[in-house]
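Listed below are the residues making up each chain.
2 protein chains.
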Amino acid sequence: MSKNRDTFFSEEDFLNFLDGFFEQREGLVLGRGDDCAIIKAENEMLISSDLFLEGFHFDMKYFSPYAIGYKALAVNISDILAMGGIPIGFTMCLMINKRVANTTFFKDFFSGMASLCKEYNLYLAGGDISFSNFLGIDITILGKKGKRCLYRKRANVGDLIFITGDIGLSRAGLYAFKMGIQDRFKIATKSHLMPKISYNESRAVTKNPFVNSLMDVSDGVLKDIVRLVPEGMGANLKIDNSMLHPEVISMAEILGEEPSVFAAKGGEDYVLMGTIKPDGIRELNKDISGFKVIGEVTDDGKFLLNGRKIQGGFDHFRYTETY
Amino acid sequence: MSKNRDTFFSEEDFLNFLDGFFEQREGLVLGRGDDCAIIKAENEMLISSDLFLEGFHFDMKYFSPYAIGYKALAVNISDILAMGGIPIGFTMCLMINKRVANTTFFKDFFSGMASLCKEYNLYLAGGDISFSNFLGIDITILGKKGKRCLYRKRANVGDLIFITGDIGLSRAGLYAFKMGIQDRFKIATKSHLMPKISYNESRAVTKNPFVNSLMDVSDGVLKDIVRLVPEGMGANLKIDNSMLHPEVISMAEILGEEPSVFAAKGGEDYVLMGTIKPDGIRELNKDISGFKVIGEVTDDGKFLLNGRKIQGGFDHFRYTETY
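Residue numbers (this note's numbering), protein chains in the order written: chain D, 1 to 323; chain Y, 1 to 323.
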């Protein structure tokens with residue numbers, strides 16, 4: 001390799017470069033380089049896949065290469081945590097266009113991803129690369145079960161609905177970027193680019209026996225709450241400004257939206273949302289600093305936010321948000 | 001659902017449609033619908049991911065929706081078979097553009113994929129969907145170990161190199177489509193659209209104790225042979241017309257290429273290629289109808305085809321084929 005070269009000469013060259021960022025770890029029996037990777041497995045494993053596509057999930061105007069690598073993996077880690085599991089490794093397929101096919105880009109991209117691998121002890125178990133019209137990352141993450149496996153749709157009427165952190169922050173950050181006022185929204189924009197990983201929150205939730213369902217908020221509370229509560233039940237959400245981050249309130253005011261509605265529509269915060277019998281609240285509140293009760297599970301099949309009916313949220317087939 | 005509607009109204013609508021094609025099977029503890037799927041696992045598992053992208057891996061001018069669904073999964077199944085493993089299930093991420101977001105397309109697409117699920121008893125363990133600029137499929141396949149796990153780079157000098165079927169057929173089919181003469185290349189075009197699954201071949205190979213390495217031919221023998229033999233060793237390939245399908249020879253003649261070179265450059269046949277001690281040849285030849293010995297592992301680090309030096313093959317970073 002010449003010292004100053006920035007382009008990859010071949011697929012092999014690219015893969016050798018990649019190898020420098022991802023360490024061999026316990027649990028990975030055979031890494032990249034054969035037709036399959038081989039992993040150690042337990043009795044049952046968690047598995048989930050998420051796409052992260054330029055122009056659809058991220059905008060290269062705002063995202064640094066480091067943040068793209070970070071978030072592509074972070075959203076997948078979140079799916080394992082959302083079931084109370086422990087992430088252990090992943091496969092990665094990369095769709096690369098000419099614009100990013102250089103070492104400058106991928107040094108930062110892989111560094112962002114590798115920072116999470118180091119923190120959570122994850123291995124990379126192979127994948128695929130192809131040229132494409134745009135940059136895209138598809139990760140399949142593997143996890144083992146935590147203390148307990150927590151599912152959606154296991155709540156009872158009267159359970160409280162909680163979240164483990166700030167909602168609406170990522171959405172506020174996205175709007176701040178779009179409006180060119182990111183300097184006034186430092187926490188929100190950070191949250192959009194590199195969402196907080198709810199690892200400790202997931203551990204705290206699984207050790208609380210009163211929690212009976214869990215998911216992560218990826219498409220916004222308004223949409224996700226309908227997926228959380230069992231068929232036939234509803235939710236009465238009560239969110240006031242005291243539960244919201246100041247930057248979320250600021251952005252809602254700029255847009256002339258009600259802050260609670262703005263926040264409840266916001267996707268990509270990757271906080272955990274779950275249901276808990278009221279008896280367990282005190283302990284969870286002690287264990288999780290961002291813990292907030294935002295409502296109650298009801299028996300009437302209706303979904304209300306501050307008394308008003310919820311009509312929908314973000315849908316990947318519509319590109320529209322409705323409320 | 002109205003009877004004649006052809007569009008999907010929402011992501012949920014799409015996923016409900018999808019559910020009709022993929023059965024719950026043994027080994028899938030929790031299917032689609034939560035943050036993760038849960039699968040039964042063994043002590044060690046095989047895992048592999050492959051992209052299948054419109055314009056890069058398939059052309060919608062030639063590929064029916066059925067063939068796209070079929071081949072996207074087939075190429076992944078091949079990776080498990082290439083290690084002597086048994087495929088058990090997969091996750092699927094779909095990148096969908098407006099052009100294909102209709103039930104007509106996806107009925108055929110899912111049917112092509114489901115035909116393989118039925119034949120090989122595979123489950124779908126969730127995934128993701130997103131709109132995109134083009135149609136793309138990314139599958140991560142899981143497998144369990146077969147009788148033996150067979151790796152690359154385990155050959156010894158003097159081992160024979162074998163393939164389990166026809167090479168160059170898929171390439172001949174692609175050229176036939178490009179030239180508009182597909183009617184004269186029925187086997188080759190079929191092979192390009194819906195490659196044969198080497199399931200029985202993989203079973204036969206793993207039970208033969210003389211086989212010591214294995215892979216599938218996805219980028220062509222010329223490129224893949226370098227990945228098969230151990231560092232420092234070489235290969236002396238001898239391929240003559242008697243080993244080639246008549247349609248491969250016809251296409252090479254049309255193009256003015258040497259048939260053996262044309263065939264050895266051809267990717268996407270997904271036959272298995274391996275090395276075997278000479279003592280095991282007779283039995284494998286009996287067990288595998290398409291069995292052919294195409295060369296020998298040498299000690300000099302050189303790669304020769306019919307006495308001429310091999311310079312390379314298909315590279316995903318170059319788009320060029322060299323010989």
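Please keep in mind that the hints were generated in silico from the structure rather than gathered at the bench. Every residue, glycine too, gets a C-beta built ideally from N, C-alpha and C. Just to be clear, a hint being listed does not mean it is correct.
With a cut-off of at most 25 Å between alpha-carbon atoms, the simulated DSS-like pairs for lysine-lysine come out as follows [what the hints assert, rightly or not]:
1. Y/Lys144 <-> D/Lys144
2. D/Lys144 <-> D/Lys238
3. Y/Lys302 <-> D/Lys40
4. D/Lys144 <-> Y/Lys40
5. D/Lys147 <-> Y/Lys40
Across the chosen pairs, the derived CB separations fall in these ranges [unchecked claim]:
6. Y/Arg227 <-> D/Lys238: 26 to 32 Å
7. Y/Pro230 <-> D/Glu283: 55 to 61 Å
8. D/Gln24 <-> Y/Pro246: 44 to 50 Å
List of violated hint numbers, smallest to largest: 2, 3, 6
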